[in-house]
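Top to bottom, those sequences are chains A and B. Using our numbering, read the first sequence as starting at -7 and increasing by one per residue. Using our numbering, read the second sequence as starting at 211 and increasing by one per residue.
The set of hints was computed from the structure by calculation and includes no laboratory data. We put the CB at the ideal spot given by N, CA and C, even for glycine. Each hint should be verified, as a subset may be incorrect.
Stated by the list, open to error - In silico BS3-like cross-links for lysine-lysine, where the CA-CA straight-line distance does not exceed 30 Å: (1) A/K329 with B/K273; (2) A/K203 with A/K182; (3) A/K80 with A/K261; (4) B/K273 with A/K132.
What the hints assert, rightly or not - To spell it out: a stretch of chain A is covered by chain B in this simulated footprint if at least three of its residues, at any positions, have a beta carbon under 8 Å from a beta carbon of chain B; those stretches are: (5) 110 to 119; (6) 146 to 155; (7) 201 to 214; (8) 310 to 323.
Letter by letter, the chains look like this.
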Amino acid sequence: MISDTELQEMYGWMVTARYYEERLQEEYLEGKQPAFDISAGPIPGELHLAAGQEAAAAGVCSHLRDADTVTAPHRPHHVAIAKGVDLKRMTAEIFGRRTGLCKGKGGHMHLFDSTVNFAGSGIIAEGCPPAVGAALAAEKRGEDNVAVAYLGEGAISQGGFLESLNLASVQNLPVLFVIEDNDWAISMPKERVTDVGNGSQRADGFDMPGKRVDYDDACAVYEAAGEAIGRARDGNGPTLLEVQVHRRMGHFMGDAEGYRPEADSERAKQRDSIERMESTLQKAGIDDDTIDDIRDRSHQRVEDAIEWAKDQPEPDPDEAYNDVFTNPPAGWTPNTKPGQTESAGGDD
Amino acid sequence: MAEADESETTGERETTMSRAMVSAIASEMRDSDDVFVMGEDVADYGGIFDSTDGLLEEFGREKIMDVPISETGFIGAAVGAAQAGMRPIAELMFADFFGVGMDQIYNQMAKNTYMSGSTVNVPMVLMTAVGGTYNDAAQHSQTLYGTFAHLPGMKVVVPSTAADAKGLMHTAIRDDDPVVYMFHKRLMGIGWMPAPDGPKTSVPEDDYTIDFGEADVKREGDDVTVVTLGLHVHRALEAADALAEEVDVEVIDLRTLVPLDTETVLESVRKTGRLVVVDEDYHSFGLSGEIVARATEGALANLSAVRRVTMPDAPIPYARPLEQEVNPGREDIIEAVQSTTE
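Next up, chain A with everything else stripped away, as it sits in the complex:
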């Protein structure tokens, strides 16, 4: 069913994403020890790493083209990698460099790569409505592109998600909503967030197909997503897919997870989607040398991206004032300095 090429590609994305998060963790903690200062070190600010969630990215994005849209939430790296976002420029963005995807203005929660139609948003579930809009645009233009909105299980009680399910359903739009269920909404376990253990049941209320993949098996995700995306491309409307994944790190770096039972963390580490994928590749007859080679090349790609990013220049401080508008009105300024109030409409 899944070709060897696709299996290898998915595996490559997964090991790239896992190693990426491990390396970013190291880089992030540099300068933040012994005292943790969130604004210190080469990567400042919040950092939400997705180790343990790779299967949900690989199994879905394997079906996507550049013209398809993906919106991702605050934990976006694995999805961005599988969607084909430029890894060097994404890394430069995370390091706050001028040549980053967003010139250092977005940061890791707000990654935009228009060449592959990838957009991030750090507000829980608020990436869903724009994904519906991208699907609407495709439909209006008679194109068979689809949109995928990623969200966590902590987001499934948000209005923005539920409104998007309804709008996509009533307009019969080509959208796939992917809930990555990592069991934890920061410190809130799923059973305290919702009485519906299977998030894909939310689909029932919108007369939409819903499916849950209980194991973070990229191949099972691939099968489920393939069916949903095929349905969307054929004009048969949206689908809600939930995938059980695991949060191997804290909600954000620096989260000591004092609220999390030790056994839960251990269980997450034992259910490794990457080991599962390796055994799938072996069963498919792909030899160990090939697997090792994919892993080595993926790791090297990550090292190259980080090395390149750290070598990039920081933004000129004055660039903070650009990009408020695509088309800045004559005379308009963002009122940068005392005595420099905008003079739109005036002569000077």
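Given the coordinates of chain A, assemble chain B onto it according to the supplied hints.
Just chain B now, with coordinates in the frame of chain A:
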């Protein structure tokens, strides 16, 4: 103002503000397949305040889309469609409803251009009805100019006449950035909400644009500057006429808040030395304070008196005498102007 010279234009007729807006939308839709309208009751109803009246007939449901009562959902869908290259016009039925869709407005629509380093842009119009005077009380009467203009990344437009409404709508739809187009219900010329004299103007039938950031000096005067917008342009003009024997009042219609034509305000107050800001929005932390701040930053030495005539810092009441008390009227403006010359 308008690029078309009214005296030379053959096709020109007097029309309401709502018809002027609709004609601009229709014309842009004829020119581009990317333009479409989405909102609550915009199709069969034609917009509760006539802002899309008659469009369904010409353009059909694919282009004039009724959507569920779901502001986060459909405003966000407009954001996504705009980022994908379409030019949606989304209607938020009342500006007061912004609370149920504000994240899409200020965290996505307004910020995605900046956060993406201009690799994404959001060419959409968020059209919304504002204003009171018809006893709709606290949740359906606000103007909230300051709320939208305060948050960076949105252009904010407030027409006060049919001619401006049309030109500003053409500019808004063609703009590559998100534009919040705030129209005052009382000015639209709706059958069930009679408009005052003033907003119904002669409007060229040809397309024309009005550049953002150009205030309109509605009435020239040497003694006192009144800066205002929306419905209160007309109230200020009435007040100026009533005062004509004693004070020579200049009335400035801001027309756009982002960008704001600071220079026209400064030129005027340098001449008159007296500033009265008339605003239907709340008093504190808002538009009137901003205008006064810019006037003092730019022309402090010229100023001898400053007054603000605004809604008070209280929710808008229902009963007729209560609402009339709080919404600035002609007499309130007259008193404020007179007090600057005492």
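Verification of the supplied hints:
1. Proposed proximity of A/K329 and B/K273 is contradicted: the alpha carbons are some 44 Å apart, above 30 Å.
2. Annotation: proposed proximity of A/K203 to A/K182 holds, straight-line Cα distance about 18 Å (limit 30 Å).
3. Under the criterion of a C-alpha separation no larger than 30 Å, the hint pairing A/K80 with A/K261 is consistent with the structure, at around 28 Å.
4. A distance of roughly 9 Å separates the Cα atoms of B/K273 and A/K132; the hinted pair therefore holds under the 30 Å criterion.
5. Under a criterion of three residues with beta carbons nearer than 8 Å to beta carbons of chain B, the stated coverage of the segment 110 to 119 of chain A is upheld, 4 such residues being counted.
6. Against chain B, the segment 146 to 155 of chain A contributes 3 residues with a C-beta closer than 8 Å to a partner C-beta. That satisfies the three-residue criterion, and the hint holds.
7. Only residues whose beta carbon comes within less than 8 Å of a beta carbon in chain B count, and the segment 201 to 214 of chain A has 0; fewer than three means the coverage is violated.
8. Beta-carbon proximity to chain B at under 8 Å applies to 9 residues in the segment 310 to 323 of chain A; the threshold of 3 is reached and the given coverage holds.
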